[in-house]
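Protein sequence lines, in the order shown, are assigned to chains A and B.
Per my numbering, the very first residue in the first sequence carries number 1; after that it's consecutive.
Per my numbering, the very first residue in the second sequence carries number 1; after that it's consecutive.
Check the hints yourself; a few may be wrong.
[Unchecked claim] Under the rule of at most 16 angstroms between Cα atoms (straight-line distance), these lysine to aspartate or glutamate pairs were calculated in the EDC-like manner:
hint	chain 1	residue 1	chain 2	residue 2
1	B	Lys267	B	Asp205
2	A	Lys93	B	Asp237
3	A	Lys93	B	Glu236
4	B	Lys267	B	Glu56
5	A	Lys93	B	Glu161
6	B	Lys218	B	Glu249
7	A	Lys93	A	Glu71
8	A	Lys78	A	Glu122
9	A	Lys114	B	Glu161
Calculated directly from the structure, the hints in this document are not laboratory data.
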Amino acid sequence: MTPADRFAHLADLLPADADLIRRGRWLSVECRIDVGDEPFFLTIRDGVLASLERGPRLMRSTTFVFRATGEAWTNHWKAVPAPGWHDLFALTKRGVASMDGDLRPLLQNLQYFKDLLALPRERH
Amino acid sequence: MAPQLDPMIGRYLRLEIEGVPHRLYFEEAGQGIPLVCLHTAGADNRQFRHLLADPEITSRFRVLAFDMPWHGKSTPPEGWEKTEYRLTTASYTAAIRAFCTAMELDRPAVMGCSIGGRIVLNLAIAHAAEFRALIALEAADFQQPWYDTSWLHRPDVHGGEVCAALISGLIAPHSPPVHRHETLWMYMQGGPGVFKGDLYFYRVDGDLREKVKGIDTKACPLILLTGEYDFSCTAEDTLRTASHIAGVEVQIMKEVGHFPMSENPAKFREYILPVLARIS
Chain A
1 MTPADRFAHL ADLLPADADL IRRGRWLSVE CRIDVGDEPF FLTIRDGVLA SLERGPRLMR
61 STTFVFRATG EAWTNHWKAV PAPGWHDLFA LTKRGVASMD GDLRPLLQNL QYFKDLLALP
121 RERH
Chain B
1 MAPQLDPMIG RYLRLEIEGV PHRLYFEEAG QGIPLVCLHT AGADNRQFRH LLADPEITSR
61 FRVLAFDMPW HGKSTPPEGW EKTEYRLTTA SYTAAIRAFC TAMELDRPAV MGCSIGGRIV
121 LNLAIAHAAE FRALIALEAA DFQQPWYDTS WLHRPDVHGG EVCAALISGL IAPHSPPVHR
181 HETLWMYMQG GPGVFKGDLY FYRVDGDLRE KVKGIDTKAC PLILLTGEYD FSCTAEDTLR
241 TASHIAGVEV QIMKEVGHFP MSENPAKFRE YILPVLARIS
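Extracted from the complex, chain B is given alone in its bound form (with noise of 0.2 angstroms):
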């Protein structure tokens, strides 16, 4: 019997971000619009392993997933053990610019999940024009803190068991076991200190509550979709931050939580299909 091979290839990337040399994993399926999707907090490519792998997709869309900086199969800065892990709104943005620059990629569609979601805002705000199109997914301009951050990283607690434990809940009751399960391993595998450095950009630097009001969707279509039960990003903190953003377009998606896109993939394509039929 031949291989049963997934159709997304793996590569890594060599680029500059903010001046310090990186190498960047990520994985990559089909052809047409470029499509850069960007993965939760915590967490690393695999997140969308579903949408590489859909040929509805990847027949219009060239998909490309990179772990961050500090996540999954990208390599660390060098000199990365003598510091503490902070992702800022310029660093995470001067990231995700790098890298589509890097690939040379032209106007491309940007999909972000959490915090992925929330840097998506910014890119709407600061360089629409780069972009055909932006999707931010479980996004809002601000969210209310619902734990303390200091118990992600220390030595009495598992750093990977404690971080899958809290966010298991941000996933939906419906989601399939086996997805629910598999969102929930790869956050157990994060590097320590990564996801509590990760909400350093969600708690601390990235209230974007003003700024949205500066958004002009005309420049670059911007759509807003979460799922009902993430109460970490509520449906009323997306829909009052789609309050103050003319032309965007913001959908609530039912039987979903805070990770649509790995949490349970088929209802999220119900969701995400349309979207992409419209910027195709």
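Just chain A, same shape as in the assembly (with noise of 0.2 angstroms):
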């Protein structure tokens, strides 16, 4: 499985996880999480995932965006992740991922959006 095919599992995995949805229920906000070369278009209203489209679409506009290297995504899934590669900004600090635009709901939902982008983790 790809980790772009992983990360499309999402909307599958978060309506299972009632308690990341009670901590997000002040969100909502449409962002996009690049996975690789592919792109995502998440909808988040109430903490609830409204939906997710996978592949580019013209001219699409979000409020903000996280990218990160397919081989980022690989490792950071992992069930126990290596040192460097367990954390958002650990990939960040290493160059493998980035973020643009308004960050502003991320950083007032930062927790949210760690363990959201979390849920394809490999489980033991």
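With the hints as a guide, dock the two chains, each given alone in a separate frame, to form the complex.
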């Protein structure tokens, strides 16, 4: 399974995590997550993933983008990630991920996004 | 049933730091060699509660952990509301020395983590003769910044929650959830702008890259311990620092992050007990 294929299951993973949805209840935003070369467009309403669209969309505008290489996501989603691959900021610090746009909703809900983007992690 | 009491006792100490009256909260337990513990940026002395309750340590050490000015239960100095808090190398060093003097500690050992580890390096540089041993956890002479601290104190982002969320990634995946979340809780409780003010020392004022070369470990032993999952102060940062200090002892801790004493007390114990045995 490619990392993008793994991320495509997010729409099944989030509804199974009621606590994460509870913590995200103040958040409504449209954002973009790039897994390697593949963009995903997320519409989040009150912490719930209202839509997850895979692949390029012409002139689609989002509030912010978080992108990381396929290698970064593969390592991040290991059951126990190795040092330096275990956090979104560890990835940005090592230069395999970046973020831009209006980062305010990301920082206002940072633990929610860290946990959301860790949902595809391999289970033991 | 008798009350179940933790062994540490908390009190408030009146003292002056750089001529300013302060009221510092500290906890202590045990008897023997004074061991002063310095918490991380934006946190407080609760990070050391497991050491304070460890009979194998308190049977040989008088463990003392104080809340830095502006942190935990230490009262911010009069007029705090009209100033922006900023920790500096000078003010941090002064606070530690003032605490040790006011408590009449005879050549204490000092163990600090993160900014506490960085300032321990400065104690080794400038005041080694005053201390019996210096232990720097998650410390380096310099670290590359990994986020913009302006996000830490602004009205549209909850300071406590963003501080905790940022540093959550510095905790190793192996650390027990109960200790992970207790560590985060302390960060959620910091005063507005205090974590940011601590990082002024870390990022702007505390570059020790040239100065560490002058450390004399014969005057005072220096031990560096860093967790492999700490991407703020990386193992490479600590090893680079150690390479400039003759006689320093250095160890990288497996399956540990930036908060060894609070994120995984049992694992940290495996590393710190042999170190403490050597200095007792």
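Verification of the supplied hints:
For the proposed pair B/Lys267 and B/Asp205, the alpha carbon gap of about 32 angstroms is over 16 angstroms, so the pair is violated. For the suggested pair A/Lys93 and B/Asp237, the alpha carbons sit about 14 angstroms apart, so the restraint of at most 16 angstroms is met. Restraint check for A/Lys93 and B/Glu236: the C-alpha separation of about 14 angstroms stays at or below 16 angstroms, so the hint holds. The suggested pairing of B/Lys267 with B/Glu56 holds, with an alpha-carbon distance near 15 angstroms, which does not exceed 16 angstroms.
A C-alpha spacing of about 21 angstroms is found between A/Lys93 and B/Glu161, which places the hinted pair above 16 angstroms, so the restraint is violated. Restraint check: the Cα-Cα separation between B/Lys218 and B/Glu249 comes to about 12 angstroms, which is no more than 16 angstroms; the hinted pair holds. For the proposed pair A/Lys93 and A/Glu71, the alpha carbon gap of about 15 angstroms is at most 16 angstroms, so the pair holds. Annotation: proposed proximity of A/Lys78 to A/Glu122 holds, straight-line Cα distance about 5 angstroms (limit 16 angstroms).
Using a Cα cut-off of 16 angstroms, the hinted pair A/Lys114 and B/Glu161 holds, with the two alpha carbons roughly 13 angstroms apart.
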